[in-house]
Structures are given as structure tokens and as C-alpha cells.
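Chains A and B are the protein sequences, given in the same order. Residues in the first sequence are numbered consecutively from 370, following our numbering. Residues in the second sequence are numbered consecutively from 8, following our numbering.
Careful: at least some of the hints might be erroneous.
List of simulated lysine-lysine pairs, DSS-like, C-alpha gap at most 25 Å [unchecked claim]:
1) A:Lys668 / A:Lys506
2) B:Lys147 / A:Lys435
3) A:Lys435 / A:Lys506
4) B:Lys139 / A:Lys435
5) B:Lys127 / A:Lys596
6) B:Lys147 / A:Lys517
7) A:Lys646 / A:Lys417
Quick partial rundown of chain A residues pointing at chain B, CB under 8 Å, derived from the structure [what the hints assert, rightly or not]:
8) Pro556
9) Asp559
10) Thr568
11) His572
12) Ile574
Keep in mind that the hints were calculated from the coordinates and are not lab data. Idealized CB from N, CA, C, for every residue including glycine.
This is what each chain is made of:
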Amino acid sequence: MKTLLTILLASSLSTTAGAKEIKLLNVSYDPTRELYQEYNAAFAKYWKAKTGDDVAISQSHGGSGKQAQSVINGLEADVVTLALAYDIDAIAQQAKLLPADWQKRLPDNSTPYTSTIVFLVRKGNPKHIRDWDDLVKPGISIVTPNPKTSGGARWAYLAAYAYALETYGHDDAKARDFVKQLYKNVPVLDSGARGSTITFVQHEIGDVLLAWENEAHLALKEFGADKFEIVTPPLSILAEPPVAVVDKNAKRHGTLTVAQAYLEHLYSDEGQEIAAKNFYRPRSQAIAAKYATNFSQLKLVTLDQEFGSWAKAQATHFADGGVFDQIYQP
Amino acid sequence: MVAIKIEFGPEVRKKTKKTENYMKLNQLILAAVAGAQFVFPALAADSEATNSTGAAQSETPAYNAGAAANNSPEAAEIEALKQQVQALDQKIQNLEQQREAEQQAVTNTNQEQIQELNQKVRILERQHELDKENAEDAAKTQPQLKLDSSGFTLSSADTNFAISLHGLIQLDSRTFFNDHNLNNDAFLLRRARPIITGTVFHDFDFNFTPDFGGSTVQIQDAYLNYRYRPELQLEAGKFKSPVGLEQLQNDPYTFFNERSLVTDLVPNRDVGAELHGDLFGGVASYAVGIFDGAPDYNSTTFNTDSDNDKAFAGRVFLQPLKTSDVNALKGLGLGVGGSFESDRNGTSGLTPGYTTDGQQKFFTYATNVVANGQHWRVSPQGYYYYGPLGILGEYVISDQDVKAGAALADLQNRAWEVSAGWVLTGEDATYAGVTPRHPFNPLAGGWGAWQVVGRYEELKVDESAFPTFASSTASASSAHAWSAGVNWYLNKNIRLNASFSHTVFHGYTGGTPAVPAQAENVFFTRIQLAF
Numbered sequence: 370m371k372t373l374l375t376i377l378l379a380s381s382l383s384t385t386a387g388a389k390e391i392k393l394l395n396v397s398y399d400p401t402r403e404l405y406q407e408y409n410a411a412f413a414k415y416w417k418a419k420t421g422d423d424v425a426i427s428q429s430h431g432g433s434g435k436q437a438q439s440v441i442n443g444l445e446a447d448v449v450t451l452a453l454a455y456d457i458d459a460i461a462q463q464a465k466l467l468p469a470d471w472q473k474r475l476p477d478n479s480t481p482y483t484s485t486i487v488f489l490v491r492k493g494n495p496k497h498i499r500d501w502d503d504l505v506k507p508g509i510s511i512v513t514p515n516p517k518t519s520g521g522a523r524w525a526y527l528a529a530y531a532y533a534l535e536t537y538g539h540d541d542a543k544a545r546d547f548v549k550q551l552y553k554n555v556p557v558l559d560s561g562a563r564g565s566t567i568t569f570v571q572h573e574i575g576d577v578l579l580a581w582e583n584e585a586h587l588a589l590k591e592f593g594a595d596k597f598e599i600v601t602p603p604l605s606i607l608a609e610p611p612v613a614v615v616d617k618n619a620k621r622h623g624t625l626t627v628a629q630a631y632l633e634h635l636y637s638d639e640g641q642e643i644a645a646k647n648f649y650r651p652r653s654q655a656i657a658a659k660y661a662t663n664f665s666q667l668k669l670v671t672l673d674q675e676f677g678s679w680a681k682a683q684a685t686h687f688a689d690g691g692v693f694d695q696i697y698q699p
Numbered sequence: 008m009v010a011i012k013i014e015f016g017p018e019v020r021k022k023t024k025k026t027e028n029y030m031k032l033n034q035l036i037l038a039a040v041a042g043a044q045f046v047f048p049a050l051a052a053d054s055e056a057t058n059s060t061g062a063a064q065s066e067t068p069a070y071n072a073g074a075a076a077n078n079s080p081e082a083a084e085i086e087a088l089k090q091q092v093q094a095l096d097q098k099i100q101n102l103e104q105q106r107e108a109e110q111q112a113v114t115n116t117n118q119e120q121i122q123e124l125n126q127k128v129r130i131l132e133r134q135h136e137l138d139k140e141n142a143e144d145a146a147k148t149q150p151q152l153k154l155d156s157s158g159f160t161l162s163s164a165d166t167n168f169a170i171s172l173h174g175l176i177q178l179d180s181r182t183f184f185n186d187h188n189l190n191n192d193a194f195l196l197r198r199a200r201p202i203i204t205g206t207v208f209h210d211f212d213f214n215f216t217p218d219f220g221g222s223t224v225q226i227q228d229a230y231l232n233y234r235y236r237p238e239l240q241l242e243a244g245k246f247k248s249p250v251g252l253e254q255l256q257n258d259p260y261t262f263f264n265e266r267s268l269v270t271d272l273v274p275n276r277d278v279g280a281e282l283h284g285d286l287f288g289g290v291a292s293y294a295v296g297i298f299d300g301a302p303d304y305n306s307t308t309f310n311t312d313s314d315n316d317k318a319f320a321g322r323v324f325l326q327p328l329k330t331s332d333v334n335a336l337k338g339l340g341l342g343v344g345g346s347f348e349s350d351r352n353g354t355s356g357l358t359p360g361y362t363t364d365g366q367q368k369f370f371t372y373a374t375n376v377v378a379n380g381q382h383w384r385v386s387p388q389g390y391y392y393y394g395p396l397g398i399l400g401e402y403v404i405s406d407q408d409v410k411a412g413a414a415l416a417d418l419q420n421r422a423w424e425v426s427a428g429w430v431l432t433g434e435d436a437t438y439a440g441v442t443p444r445h446p447f448n449p450l451a452g453g454w455g456a457w458q459v460v461g462r463y464e465e466l467k468v469d470e471s472a473f474p475t476f477a478s479s480t481a482s483a484s485s486a487h488a489w490s491a492g493v494n495w496y497l498n499k500n501i502r503l504n505a506s507f508s509h510t511v512f513h514g515y516t517g518g519t520p521a522v523p524a525q526a527e528n529v530f531f532t533r534i535q536l537a538f
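Chain A extracted, bound-state conformation (with noise of 0.2 Å):
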């Protein structure tokens, strides 16, 4: 007994004298809190079963462009999860973080989820939004972020103006008239998804919120099914958000691999359970399959599809002097 004891407590002193501490800091954007609060519980368990170190993982969120601004300019992420490739992009090139072919080294062009843009009413629908274009009806007030630095709005301005390419025959002319229209019934631009969410939910300001399909549920969620409602219309933009390690950050700190492991679990099985949970739309058949009554069907066009890329779409759009600088006036 003695000896059995003896061994026991010999082989768990031995496990516990290797066992790290890992720290790591996801940088991600705003909507994500609740999706990586669980993840971040289930990699750790996960790890620690496979390895026996502990990983702390703390989490930054904001909006997707102020994130990467960040990073940029010194926060010393490990790992970046922010709403458009075009965000890490601007990681790679003018931090020199990480590889300009980051976006290869996962599957599904390193985007483990995906996401739309639909709209959020209030209870009863009082306002009768359907679609795209009862959204520039007089009188109706929209709420959405800020394009200029929160990814989620960037996607739902470009929804919109896919919206109005697919519906005027791809006239350029008149689908900026239609997101013109758009924003002018936009009275408050949040910084970050998040903040819109709070615009519109808390303070009661708006008719409808152009959310992030997860947000959106997630505000049904906490605030009550009985006070608002999602709308799906039928066409969206297939949203993106992809992952990516910060490698110069990683090896520097010593969390390469963790890292590495980190954005790899959330491919697997229990990775994409947890990403559909939260109303993130699995890459995994098999598990959105399982999780189909949570998301509507509609009709998703792609960002290469109607802009070619994000490069293109950042430069006409978003950049200084773009198209959204010239339609919306504050």
C-alpha cells in the first residue's frame, strides 16, 4: 500500500513539475465575446488533456479594422480573429507579422466559419422590412456600424451594394445611389458591431439593425424573442472572418505550436459544435446539418463574386476618399 501510494503520488509530482503555463492572447473583433469564452474553456481542456500544460487565453475585442490597427502599432497578439481577411492582410504587409500567404495555411482559405448579414427588428415588424429595399423608404432608420473600422459593417455595406448589383443589373451607378439612399437613413454610425447592437437594442434607437446573423441571435437571446425578431432577407453576402497565428508575436513569446493547435481546433469536431452553438455557420456538412434549424436559407453571394477581392472592394469602398466617403455625410 505503502509503495502504491508512494508511486502515485511520485508519478503525480511528476506530471505536475513538467506541466507549462502558456499564455495567449487572441486578438479578435467585436462580435465574437461569447463564441471564444466557450471555445477558449474547451481548447484549454482540451489541450491540457493532450499535452498537461496549462494555456490562459485572453481575448481583446473591437471592432475588426481598430484590431488590426493595433496589432499593428504593438499589441502583442499570439493569434488574430477579425472579420475580414483584408484586416490581416494590412497585418502582413505593414507589420510584417506574419506571411502575405497567412491566408493558405488553414482550410477554407483559413476561415473556420462563416456568417451573414441579416436584418433586426423590433417585435411585430412594425415597419414591414423585408428586404433590401424597404430599407431606403423614407422614414425608416437604420443602425449600423462605422465601415471605417468595424469589419461586420463592412460586410453589410457590401451585402447592400451586392444587393443592388444583383437587383440593377450590375449598374454600378445605381447601386451607389441605393447604398446612398441606405446610409442616409443610418442616423448613428457605432465604431464596432457590438456597439451597434447596444445602439439599437438598449437604447431603442432604430427601426432595424444590420447584424451579423450571430449577433442578431444572440440579442434575441439576451434581450427576449418577445421584443424583436430577424428578418432574413433573401439575398446576403457569405461573410468570411478568418484566423490567422501572429507568427513574429508567437515565436517570440514561445506559443507557436499552441497557437498553431488553437486555430487548428476549431476545425474539428468540437470546434465547429461550439461555432454553430453561437450561430456561426460551420464549415463541417455534418455538424451544420445538425445545427440547419438554426440558420435560414437565402441566397449568399461571395465577396470575389461581386468585387473580385478585398483588395479591390478596400480601395473603391473603404479606403480614404472611397465610395463610402463620398455618399455618407454625418
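Following the hints, put chain B in place on chain A, whose structure we already have.
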């Protein structure tokens, strides 16, 4: 008799077209009622009369048929009136419904307007919140400008970059007594230093301090300091050598105008590099460096080396009870500094001479003497500060190999001093000066801080220096002095000093006039601006 009662609500009395209609109706109905009141009783009376005389009715059928023929027009009229009343009643109901509908419409319109205004107010409030957040974010990136008693500082929002301008101006007077006109009573600009410090990239500090006081412009300090950690920093450039306690004290904070005789034996500034740091929260500090080498009481005009030999200097200083609960001993500091260098066959390693408080030279080596070998120093030192009391003491040995022609010697010169101060107004005395609790402002009853100070000091030249390496007809072999004074700190930036120093010399055998021939008595004053 049929009675018709019609009630009209107060709202009907509004002077509208509807009200007028109601008034007309009123008149019509009243007329109908009035008429009915005449007609119906008459009809009833006729009916009663006919009923009570039933036989009469049957006996006179011709009479009853005539009576029935007479009732028919009245009945028709009554019927017509009834219908009119009903119609009027219906009209009233319709008008009331219309009124209600119109009122509801007005209420709905008001509610919509209120909701619209509510939305506008909410939008304005939210916009204000967002503007405030944006302003706070913007403020985080704005440079910060600070101007106060510590000087002028401009720094980036994240304080990774900063530049500060400080200054030191000391305007002194020296008045000598009983000096046989040997010394010049003078006003002098003792120090005039713009002090430029700053930080780049968070961890790199710099200092550039020229001095325009005295007779020549010179660079006092010019160095860069890398703060890897508080415990480990690297400093390189021209700065004070880490040996003497009183020498290392910043110029604005010394008790007296001039440092003591002890400072004659330690190096001043030197050019080199040192590792230094504070350990255990400042309980211990250390510095160790390599330098060009500096003679005793060296001038600060030199910014290069004239030989290949280098000097090593270092110091350890402890404040063992700094973080303890024993308040009375928190201000106790003890340490030791030292240096070692090798000077071969050069006059640059020799002191230019030892000077008094009045800055008069009382000892120099003979002209044919050169430094020839090792030169080491050791300086045990300490201070104690507790409340208004400050005490500083130091002992220095400067041991140097010298040569004069074929003659060689290892000369050991020594000095020590004890100085003390007491802040009469009760403020704390510190190694970094005194901060008045009530800055000078007579109208507000503020008189600054007052401190009395005293010092005793002594320097002894190795007797072996005489006569081969120094002449007793030109130099004294020792000097001791006592000094007393008062310092008035008007505020953190301005200080006035007044002190008297009496120095006595020994071993001088020469004649007058000469500095070591008689005691030096000098009265000092100072006006100092430091920021």
C-alpha cells in the same frame, strides 16, 4: 304624456360648427317637446272623456266616428315628431362617433410626434456618447504637455517618447575676510545649465547638459541610458563617476554652495560606460563602470582620453531599512565607492590641485611630478535622514603612484567630512533636497522652508609628498574647515543660501601672500533657480 330627455356633454359646448348644429337641434327638439306637452294632455283628456262616457259613445256612433277622424292628424304629427327625434338622436350619435374618431386621430398624431422626438433625443444622446468615446480614444493618441515645478515635458500619449527641459541657475557671491586682498570678492554665475532630458522608444533615456556658468562653456553631461529593467541598466557617455556620495548628489540639493574637501579626492565627471541598477525595490543600488579615468578634483572640460589606460569605478549603496516599518531608520543609507586606474608617465592623471570652500587652491604637486602607476580610491559613505534632520558623512582615501624624475612614491591622501542640516519649519530633509510645505507667499501666510546647516571637513596630504613631490612653500599639507549657514527654500524651484566657512591650513612654510598662509574666511550667498 311622453317625456323626452336629451342630455348634452360639456364637450358639445365647444364653439365649433358641430356645436352650432347641436344648438339648432336643441331648439327643434325643445319645440317638439313643447308642442307635445300641449298635444298629448289634450289627447289624453279627450280619451278619458270618451272612455267615461262609453254609453254615450255607443249611443252616439255618429259622434265617435267624428272624434276618431279628429285624432288622426295629431297622431300623425306625433309620429312625425317621434321620427324626427329619432333621426336627431342618430345624428347626435354619429357626430359623437366622429368626434371620438377625430380625437383619436389627434392623439395618434401626438403620440407619433412624441415617439419621433423620443427617437431624436435618443439618437442625440447616443451620438454624444460615441463622440465622447471617440474623444477619449483620440486623447489617448494625443501628445501630452506638462509644465510645472519639475520643468517642461512634452511626451507622446503612450509616454514612449518624451523630452523635458529643466534648468539650473546659481548666482553666487563670495566675500573674503582678512585675506590681505588676495582673493577677489565677487558675484559669479556659478552654474547656468539648460538640462535636456528625454526618452525614446520607452526604454532609452538621454541627458544633455551644457554649462554656461564659470568662464568657459562646457558639456557637463551627455549620456544615454538603456533601462532593460530597473535592476539592470546600461549608461554610456559623460556623466558622474560612481564614487563620491557628496559628488553624486545633485547640485541644487547640496547643503552648502560648495562641496566639501572630500570632493577634492574623488573624480567628477568621466567618459565611459557603466552597468547600474536598483535592487529589491531600491533597498540596494549598484554601479560598476569603465571610464577614461579622472584625476582627483578633475575639470569637466575634457571629453576624451589622453592615454590608453582606463579606469574602473564602482559603488554599492544600501538603504537596508527603506521598506521596513521602522520609520526612524528608513532614511539610513550606507555604502562604499571606489575606483582603480593606471596612469603611466602623464600629468593628466594628477590632480590639478586641492581647493578650499572658497575655491582657492592650497595644494599642488610640483611641476616635475607625473602620475606613474596605480591610482585607487575607496570611499565609505553614508547618510541619515529622518524628518527635518539630515546628516551626510564620507571618508575618502586616494592612493596614487607618482614619479618625479627618478623618485617614486605611493602617496595616500585622505579626507573626511560630516555635514548636517535641520529644517526649522519641520519639512523632511532628504538627499534630494527640501520641499516647502507652504511655498513663499506672504499674503497667504506662506514663508517657505528654512534650514540651518553645518559642516566639518578635513583633508590631509600624504607627508611623503613633501618635499620631493610638493613644496611646503607652495602648498599646505592639510586643511580643515568648519562651515555654518542657513538655506531658505522659497518653493520647490527657488532657494536662497547664506553661509560662512572658515578654513585653516597646516604645513605651509611659505610667506604671504598665499592662500595657505592664513585662514580663509569667506561668506557665501546664493540665489538659485532649479526646475
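Failing hints, ascending? Violated: hint 3 alone.
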